[in-house]
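Chain order of the listed sequences is A and B. With my numbering as the guide, the letters of the first sequence map in order to residues 17 to 318. With my numbering as the guide, the letters of the second sequence map in order to residues 102 to 359.
Because the hints were derived from the structure by calculation, they are not lab data. Just so you know, these numbers come straight off a predicted model, no measurement behind them. Certain hints may be false.
[Said to hold, decoys possible] From the derived model, a few chain B residues whose C-beta atoms are all more than 12 Å from chain A: (1) E109; (2) S132; (3) V165; (4) K180; (5) R184; (6) D254; (7) L271; (8) S319; (9) A321; (10) G324; (11) F325; (12) R356.
[Claimed, not checked] Okay, the calculated bits of chain A under chain B, using three or more residues with CB under 8 Å as the criterion: (13) 91-100; (14) 277-288.
All C-beta atoms in this analysis are idealised placements derived from N, C-alpha and C, irrespective of residue type, glycine included.
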Amino acid sequence: MSSLRTKVASIEIENPTILASGIMGETGASLLRMAKAGAGALVTKSIGLEPRKGYDNPTLVDCDWGYINAMGLPNPGINAFSEEMRIALEGGKPIIGSIFAASPSEFSELAVRMEEYGAAAVELNLSCPHASGYGMEVGIDPVAVRRILESVKGEVKIPVFAKLTPNTHYLVEVGKAVQEGGGDAVVAINTIKAMQICVETRKPVLSHRSGGLSGPALRAVGVRCVYELYSELEIPVIGVGGIEDWRSAVEYIMAGASAVQIGSAIGRVGLDVFKEITDGISSFMSREGFNNVIEMVGIAHE
Amino acid sequence: MSSPHIVEIEEVVKEGEGLTTLRFSYGKDVSPGQFMMVWIPGIDEIPMSVCYIYGKKGITVKGVGEATRYLSSLRVGDKIGVRGPYGNGYKVPHGKVLIVGGGTGMASLMPIADLIGDPGKVDILIGARTASELLFVERARKVSQEVHLSTDDGTLGMKGTVVDMARKHLALKSYEGVLGCGPEKMLVALLRTCEEYKVKCQLSLERYMKCGSGLCGSCAIDGFRVCADGPVFDGETLKRLPEFGAYKRDECGLRVKL
């Protein structure tokens, strides 16, 4: 019997599928439902210090090949999120607290709160492509990234992950900055900055004009990023971007991902996607003679 | 295919006080109870029940906010964007059906009455605050032999709530299922009444929505996505949801008492 168990930093996960941030992660009950659907671990919606409404609708463009979204980091704020975490933890699966902030000290403050709430790890959102002053605006500068990591690592004992943006040619440098700052894993990739224009109305569809592209359309970019990061870093890589079946999950794992995150597929495929992927990986491993998921991690580099 | 799809308004019908139906051509199949995301360029995008699913599609708007007031002011030839349809609608019960619509809730319910298509098989109860806000009365009479009205102020039909009226019908007749849509307080009362009379029900909910397509979770009620798992839920599911009738979430995801 092949084992789907995997490990990222010190976190043991029963299977390598993790709910990605921004999808069904704003309420405790939503996270519980995704846990029941089969995710091995779950990343919360990115939480900031204060409640935030996000952008006006339209916040999503729904296409055959993926989505473009500019939600604008809506979230209830770290204080109200305490109750949601309490509920989410009832599922018994590791909850990874995603946080966004504008400065190292704010990141640290949020990370400490997430640790208090019982998060198994924190994921620093250094990559949202559509929020002024946050996300990729701080996440493309290796010096700033290292400072944030050092600050957060000085304050919490739980592992610290950093979610990276592909919207830079400094991807590997940013990854190294995470490692040098003491980061325990990198998560790659967040969405690619994108836009859709409606030709009839002659306007960008999203209220924020540009947003982030997700879904199968960016999968090949994600696989390449994970491959490069795995080559250059010692710390583990978590793969994310357009995974919606076992084959794309295994592709990321072979590129070097210790685990994969699932996001857009929740909308495109449905809640069964976790189970479909884990069952598919199991069958593949049996066919190909792998006993453990970990044996496949980075195998494309050999 | 990418969204949203731009459609031209082909017909505007003033249904009553502040109620406007917009008709347009949109090629996708819609099931009764599903909704579309309607884009008003430069203003907003909002979920709207589809009130006509055969031939020209339609939505009925009550002008209460910026987006709905703008939609109410549209004329033939104006354009809006639509995407969808999204969500799970009503399932047709086998036997006799009682439809209970409060206010604009009738917009969600009329297509299932059209689909049933047997005037002897469906009774329709339409309620509103006042006579001028009763929606689709004539349309309902074409597909049902038993259409009854109620108004909170007694200006037309029975004085009282549509749930009071539903209770009378459930006491006198036997129904295979109740289908309801309206304000959540009304739905809570309707669910309780259906449980009392041991009749299965399907109720359509409303929540603040962003993506409309099952992703973001902003419309979540106890982990269920109103946009993708709903908007129509069966009574068995709803009675197990502590958030139903208690509170909703605002744009930030904070709890707001209903």
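Hints, verified against the model:
no.	hint	verdict
1	E109	violated (10 Å)
2	S132	holds (17 Å)
3	V165	holds (16 Å)
4	K180	violated (7 Å)
5	R184	violated (6 Å)
6	D254	holds (34 Å)
7	L271	holds (31 Å)
8	S319	violated (7 Å)
9	A321	violated (5 Å)
10	G324	violated (4 Å)
11	F325	violated (7 Å)
12	R356	violated (8 Å)
13	91-100	holds (count 4)
14	277-288	holds (count 5)
Of the numbered hints given earlier, the model fails hints 1, 4, 5, 8, 9, 10, 11 and 12; all others are met.
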